[in-house]
Every structure is written in C-alpha cells, then in structure tokens.
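Please build the complete structure, drawing on both the sequences and the hints.
Protein chains in written order, with my numbering: chain A, 1460 to 1910; chain B, -15 to 327.
None of these hints come from the bench; they were simulated from the model.
A virtual CB, placed ideally from N, CA and C, is assigned to each residue, including glycine.
Be aware that a few hints might be false.
Pairwise CB distance ranges, derived in the manner of DEER restraints [what the hints assert, rightly or not]:
| id | chain 1 | residue 1 | chain 2 | residue 2 | range |
| --- | --- | --- | --- | --- | --- |
| 1 | A | Pro1848 | B | Leu228 | 54 to 64 Å |
| 2 | B | Val139 | A | Val1627 | 31 to 41 Å |
| 3 | B | Gly104 | A | Val1627 | 49 to 59 Å |
| 4 | A | Arg1635 | B | Arg241 | 51 to 61 Å |
| 5 | A | Leu1592 | B | Trp143 | 48 to 58 Å |
| 6 | B | Leu231 | A | Gly1512 | 57 to 67 Å |
| 7 | B | Gln311 | A | Arg1812 | 47 to 57 Å |
| 8 | A | Leu1738 | B | Trp(-10) | 33 to 43 Å |
Some chain B residues well away from chain A (every beta-carbon gap over 12 Å; in silico) [what the hints assert, rightly or not]:
| id | residue |
| --- | --- |
| 9 | Val45 |
| 10 | Phe54 |
| 11 | Gly60 |
| 12 | Arg83 |
| 13 | Ile196 |
| 14 | Thr216 |
| 15 | Leu251 |
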Amino acid sequence: MGGLLATAATPADLMAARLQMAVSLGWHIVLACLGVGMPALAVFAEWRGHRTGDEAYVRLARRWAKAMGVLFAVGAVSGTILSFEMGVLWPGLMATYGQVLGLPFALEGFAFFIEAIFLGIYLYAWDRLPPRLHMLTGLPLCVAGVASAFFVVCANAWMNQPRGFDLVGGRVTRVRPWAAMFNPATPLQTIHMILAAFMVAGFGVAGVYAVGMLRGRRERYHRIGLLLPFTVAAITAPVQIVVGDSLARFLAHGQPAKLAAIEGLNHTGSHIGLSIGGLYIDGQMRYAIRIPDGLSLLVGYRPSTVVQGLDRVPVADRAPVNPVHLGFQAMVAIGTGLFLLGAWLGVAWWRRRDLPRSRWFLRLTAVSGVAAVIALETGWVTTEVGRQPWIVWQHQRTADAVNPAPGLWVGLVVVLAVYVVLTVAIGYVLNLLRTQQITAPQEGWAEVYPP
Amino acid sequence: MTAAQWLLILSWAGLTLYALLGGADFGGGFWDALAGGARRGLAQRRLIEHSVGPVWEANHVWLIFVIVMFWTCFPGVFASVASTLYIPLTLVALGIIARGAAFAFRKASTELWQLRLFGGGFALSSVLTPFFLGTVAGGVASGRVPYGLAKGDLVGSWWNPTSILAGVLAVGTTAYLAAAFLTADARRGGQIQLADAFRRRGLGTAVVTGIIALGGIFILRSDAPALYAGLTGRALPIVVLSALAGLGSMALLIARRYGLTRITAALAVAAVLWGWAIAQYPVMLPPHVTVSDAAATPAVLHATLATVIVGMVLLVPSLLWLFTLFQRTPQPAQPNNGPAVTP
Ligand code: HDD
Ligand code: HEM
Ligand code: HEM
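Spelled out as structure tokens, the structure:
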C-alpha cells in the first residue's frame, strides 16, 4: 500500500509534538510507578494488620488504599492520553511499525484489565469480602502492575533495539512479533524500570511520614509508615545500581552512539577516562572531573578497552549531548545517594534496632521520594533524548514519524495547561486525604452526607 | 474466516462493550449534571456514584483494547484516522482525563464546594467526550478519512452533518443507557422513587434520541450516500432490529420491567454499531482500502489472536466476578477491619 508517506511537518510542530510526548510520558510515569509499587505496600500492611491485630498497620493499609484510588484513576486516564498520542502525534511510526511493536501493547491491554478490575474489587469490596479473600484480591493488582510496566518497556526497548522484521523497499515484512518484543534491550531495561518503580513508590511514601515525624508525630503509625516503604526501597537501591551499570555496558555495544553522548566522548579510542559533571560546550566536554581510564575500565574491565566516540557517528545522527550527559549524571548521583541513605538506616538498625537519631536522616528521607522521581525522569531523558534523531533506532527518524498536520503546537499548549491544573488538583486532594479521618476506601462523600 | 476478520470482529465487540459499559458511565455523568441542586440531587448523585464507582476503570479499558487492536492489526487505518482526526481525538483525550480525574477527586472530597467543583468537571466532560467520539465515528462512517497520513480535511472531517449527528446521538445514547441501567440499580437498592425518576428520564431520552435518529436518516441520505445505501440495503435487518429493540425497551420501561429493559436497551445500541460495520464492510477507509488490504502480516495477526484468546480466559471470569459482586444487594457493611478509626 502506498500513500502513507508523510509530507514534512514544520520544525516547530515537530518540537511541539516531542515536548508534548515528553510531558505526557514524564507525567504518567510518576503515577505508573506509584501504581506498580503501592499495591504491594498496601497488601503487605493489610496482611500484617490481620496477622498481628496491630491497629497501625490496618490504618496504614486503609490510608494507602484510599490514596491508590485517586492515583490509579489519574494514572489510567493519563495512560489513555498516551495511547491516543501514539497515533495523533506519531502516525508515521504507527503506520509502518505499529504491527511490529503492537504485541506488547496488546498484552499490556490485558494487564490493564486485570488491574482495573481488581482495583475495583480491592477498593470497593473492602467490607464485603472475608478478610483473607480480600487480601488475595490485592495480589493480581500487584502482579498486573509489574506486568504493565514490563510490557510497555518492552515496546520502548524495541525502539532502541529494533528486531523481528525485514525491510523490503521501505516496507515491513516477515514480522516476528515475539522476537521484536524480546529484543536485546528488553531484559535490562524492563528490570531497571521495575526497580525504579519500587524505589519511587517506596521512598515517596516514606517521605510523607518522614515529614510527619519531623513535625513531631513519632507514634507507631508514623514509624511504620516510614519504615515499611523505606525498607522496600532501600533493598532495591543497590540492585538498581548493579542493573544500571550493566545497562550502560550494554549500550557500549548495543547503542554506542548513545553512550558517546552520555559521556560527551568525541574520539574513539582506548584508555578513555570517565567524565563526571561538566558541560559540553562548542563540541568539547568542559569542567568535568576526569577519572583516568575510568570509562574503559567500566565498559571492559581493562584500560585498553576501546570505546566508540561521536566521531564514528554522522553529524546529522548525533543526539544532543548536554541533556543526555547531565540527565545521566543526575540519575547516577541520586541513585548512589539513595543507596547511601538506605545503608545509613541499615547500620543504625543493625546497631540499635532503631532509626538513626539524626534529624538529617528524616530530612533526607523527606526529600528522597522527590529525588527518586528526578532520577526516574532524568533516566528517561537519557534514554529517549539519547536515541535522537531516531524514533526507531537507525530505522526511522523522529521527523519522519510525526503527524504532518499543521497546528500541533496548539495541542501542546492545551496539554500543558491541563497537566498543570491536574498536578495542582492532585496535590490538593492528596493533602485532603492526609488530614481526613481514616475510613475504608470505598467510603466517600456519599456516605458522609446523611440520606 | 481469516485471522484479520476474526480480529476485526473482536475489536468491534470491544467497541460495542465500550459503547455499552463505558457509555453508561458517561451517561451517569450526564444525569449527574442534571440532578439539580446539591440537596435535591443528592440521592441521584449518590446512586450514580455507587453504580459507576467500582466499575468505571474496568469499563474504560475497553477503549484502550480497541485502540491497541487497531494499531496492531490495521496499523495504516489507525494512523490515517488518528492523524486526520487529531483535533477531535485530542479533545476526547482531554475529556477522558477530566472525567476520570474529577470523578476520583470528588470521591475523596467531603466539602460541598469541592463536590460542586469536581462534580461539575465530571459532568461536563461526561457530555463532551461522547460527543467528540461520535464525531470521529461520523467522520469515518461518512468516508471523510482517506487512507494516508493527515490526508483528510482537518476540520471538515469531523465537523460535518454526519459527524454532528453521530455526536448528538452518542450523547443521547449514553444518557439513555445510563437511565435504563440506573433504574434497575435504584429498584434493587429499594429506592422506588428514584427508580421512577430514572424511568421517566429513560423514556424521555428514548423519545428524543429516537426522533433525532429518524431525522438523521435524511441527513445521511444527502451527506453520506454510501453509508445510507449500506444501512438501507445489506444492513437493513439490523437497523430494523435496533428500532424494534428501542421501541421494546420503551414498552418495558412503561411496564416497569427494568431487568429486561437493560437487555433491550443494550441491544438497540449494539445493533447500531453492527449495522454500521455491516453497511461498510469490507471497506475500512475510502477510496477502497479493505480489511485484507489494511491487515498486518499473518504472524502478527496470529500472535495477537492467540494473546486475545488467552487474555479472555483471564479476563472474562474476573469481569463477571466484578459485576456480580457489586450487583448483589449491598449488605450492611460488616466491618472486617475494625471500625473507622481516627487519624
Ligand atoms: C529511581 C530511578 C533510577 C535510579 C536510581 C537509577 N536509574 Fe538508570 N534509569 C532509570 C531510573 C533510575 C529509568 C528512568 O527507569 C531508565 C530510563 C529507561 C529505562 O529503562 O530506565 C534509566 C535508564 C538508564 C540508562 C539508559 C538505558 C538505555 O538508554 O537503554 C542507563 C545507562 C542507566 N539507567 C544507568 C544507571 C546507573 C549506572 C545507575 C546507578 C546509580 C542508575 N541508572 C540509577
Ligand atoms: C514513561 C517514561 C518515559 C519518559 C519520561 C519518556 C521521555 C521521553 C522524552 C523526553 C522524549 C522526547 C525526546 C526528544 O524529542 O528529544 C520522548 C519521546 C518519545 N517516547 Fe519516550 N519516554 C518514556 C517512555 C516511553 C515508552 C515506554 C515509549 C513507548 C513504548 C515511549 C515512546 C516515545 C515516543 C514514540 C517518542 C517520540 C519520538 C521521539 O522523540 O523519539 N517513551 N520520550
Ligand atoms: C515506562 C513507561 C510506562 C510504565 C512503567 C507504565 C506503567 C503503567 C501502569 C503500572 C499503569 C496502571 C495504572 C496506574 O498504575 O496508574 C499504566 C496505565 C496506563 N498506561 Fe502506562 N506505563 C508507561 C508508559 C506508557 C505508554 C508509553 C503508554 C501508551 C502508549 C501507556 C499507556 C497506558 C494506559 C492506556 C494506561 C491505562 C490503563 C487503565 O485504564 O488501567 N503507558 N501504565
């Protein structure tokens, strides 16, 4: 079939489409991470509450479930926007490659179904089902959340490592959907993402209770509210560093141009140093701290390892270095910091079975959730901007995928406005929940007002 | 039958379920808007809240299912529709986000002004979203979305007589479905007065929507002759079935047979969608892109079909459980987790 070639969009419209996609994704991902991590926290608290009869756990479970009701709803609708945008903004991608990357999305559809169904049951049948059965209905929620994250990142990994199809005269043939889904980037990228989700949810929830404790509320409810999610996140943090390190090593041969952009490395060679910090100005990495042979050692464990630089990449195919480099630096710095924060608690617990005494521990925990979100976003900037100018790595340019219709920037303005309002509203509503009486999650205004 | 045909049928079944279940949830928002002042409308709004609350997210996923099925199995068609109709689709997306968010926010609120604000957002977006979805359907059905990226008229493709007709009908249909469903919910909850109120609304919207649909016949004849020919030709039996089911559900509403009304009301709406599909089959987009032209390669179709079949094995029992769980008479809450506790 001919007729699917785009006439070019204006550069302004292309920029608008990219920004709109980035904002919508960056917004959705935060809620998605809470959607992956919070059910596990709530179900665990509910289970402990039943086992021990400890009222603090019961209250925490209800509180988290109620917050989940709000967060999931907004996560689901913001995800729907993304499905629309895949077609509305990137019809060139979907027309040519929709069938190749469709399978993980089809699977994801079923994960969403399970998630939405059991969310309805978990929240609204809190007092209708026997307690044990009710807890069990939370488990599909946990599994489906992780599964959705897995499937959607499979699709993204395919954009980095496109496999499972042949191109004949610009047309896609012989599609092998399973090979596309399980491409070389899939294992590490999906694991890294799922771990990130637990870090965001864990540190994020713990941060809320750290603020409470800083304000002097130190009873059991707040302590457990901090310790339970914090422990989950702190256990995840070191694993995340190991996986992230493997991911970077994978880039060295999987997407060397991206690694070169991450490091701002101009010249291919051996004995390549590692640049920490710094800015890429006029084609040079400046003000960076250099660790001699560092990059060569990280990539191949030997100083003589050859690392490919930007000189091997045609100028038109280079990603912008600064966002990729700085994004990566921020992610690694925060990842290391969060690991140390977790270790601090670990040491204090080992010595005294208690939280560290310093108020600085609470202060840092209070901001750890925000820090994890920043690591998450900067990690995605590294991945997505580092892939530019390709939307499908070395197969399709972003400029060829965008909707050629004029006026896309209007969509960007509207979407920005909507997300600003929504962000404010979520903050407001979550704060409302914080100060409200704790009730079972199915109860709301309809129960408050007398019949 | 080929895999592509099976997948088209499955997608259309998904679309039908979205129209019926998701549609009724939008209709709930419509009636929420018209329920009147805070005190007078309380009982109605509470009924809507209880009926829609547990199920709307699951009902909403049908839309995502349809989108994903189309982009995987008929990628060129998906890309053509999404690029030409990007304006109404963006509006639909915004409506969806406003609807879901406002509904969830309202649930977490207790102050009157918050309820008003979020309730207003919920109600407004519940009307606008089906309208724009209808205009999208009208644009495709009247042959205004050619194959190719943004090849159609960016405005005329969705702002035309057929689209506007379809948009208005979509709003009417969702309101009608919601009234029919809520009537039964109200009676099961023992709220006879409320059931009567929704019965009157159901009858009213049925009459209005029916008249618009009749008038629409003339619009289609001049504005979308190909669709008109299909609807009055091959698809005529289904169109007649829809009309009969519509009349039947009015009779059942009058006779207060609310359980049966649900079935006939759903049938009337589903028949419209299938009538459209049959009228147009096998052409998906003009000029002559058919199902077999647009279909993805066989390996993709087979993998998707297998996924859908396996997925249904998980999905159907879960979904049935969800619906039966909340369709049972609400038991007096038996607090398992201890009484409500203060923070
Ligand atoms: C809490 C979040 C978080 C933390 C602490 C880290 N990361 Fe990360 N990273 C992500 C969250 C993330 C992410 C947002 O989830 C990304 C984007 C794409 C992906 O799969 O994961 C990512 C991508 C990403 C990439 C790019 C992969 C690609 O483009 O294919 C590399 C090389 C790393 N990470 C490496 C690391 C290292 C060495 C870390 C050590 C401290 C680290 N990350 C901590
Ligand atoms: C949720 C976390 C994600 C974030 C924060 C994110 C971030 C971004 C950013 C910043 C861009 C713009 C890049 C640029 O134009 O320079 C982008 C583009 C894009 N992303 Fe992602 N991304 C995420 C996940 C995904 C996933 C899972 C997919 C697909 C399955 C995806 C598909 C796309 C597409 C299609 C584009 C537009 C084309 C392009 O610019 O390459 N993204 N994303
Ligand atoms: C790395 C990126 C992503 C992750 C980890 C992720 C994960 C999730 C999760 C866990 C949910 C469940 C709802 C919630 O928890 O709030 C969700 C919802 C959703 N996501 Fe994403 N997502 C990502 C990116 C995307 C992209 C790129 C798309 C579409 C192109 C998308 C489409 C959706 C849709 C449609 C829903 C709503 C499902 C429902 O109605 O329940 N997501 N996502």
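Hints, one by one, checked against the model:
1. A/Pro1848 with B/Leu228: 54 to 64 Å: Check passed, 58 Å falls within 54 to 64 Å.
2. B/Val139 with A/Val1627: 31 to 41 Å: holds, 37 Å
3. B/Gly104 with A/Val1627: 49 to 59 Å: holds, 55 Å
4. A/Arg1635 with B/Arg241: 51 to 61 Å: With a Cβ separation near 54 Å, A/Arg1635 and B/Arg241 satisfy 51 to 61 Å, so the hint holds.
5. A/Leu1592 with B/Trp143: 48 to 58 Å: Holds, at about 51 Å.
6. B/Leu231 with A/Gly1512: 57 to 67 Å: holds, 59 Å
7. B/Gln311 with A/Arg1812: 47 to 57 Å: Once the Cβ atoms are compared, 50 Å apart, the range 47 to 57 Å for A/Arg1812 and B/Gln311 holds.
8. A/Leu1738 with B/Trp(-10): 33 to 43 Å: About 56 Å separates the Cβ atoms of A/Leu1738 and B/Trp(-10), which means 33 to 43 Å is violated.
9. Val45: Answer for B/Val45: violated, closest chain A Cβ roughly 5 Å.
10. Phe54: violated, 9 Å
11. Gly60: Given a closest Cβ separation of 5 Å, the condition is violated.
12. Arg83: violated, 7 Å
13. Ile196: holds, 28 Å
14. Thr216: holds, 31 Å
15. Leu251: holds, 24 Å
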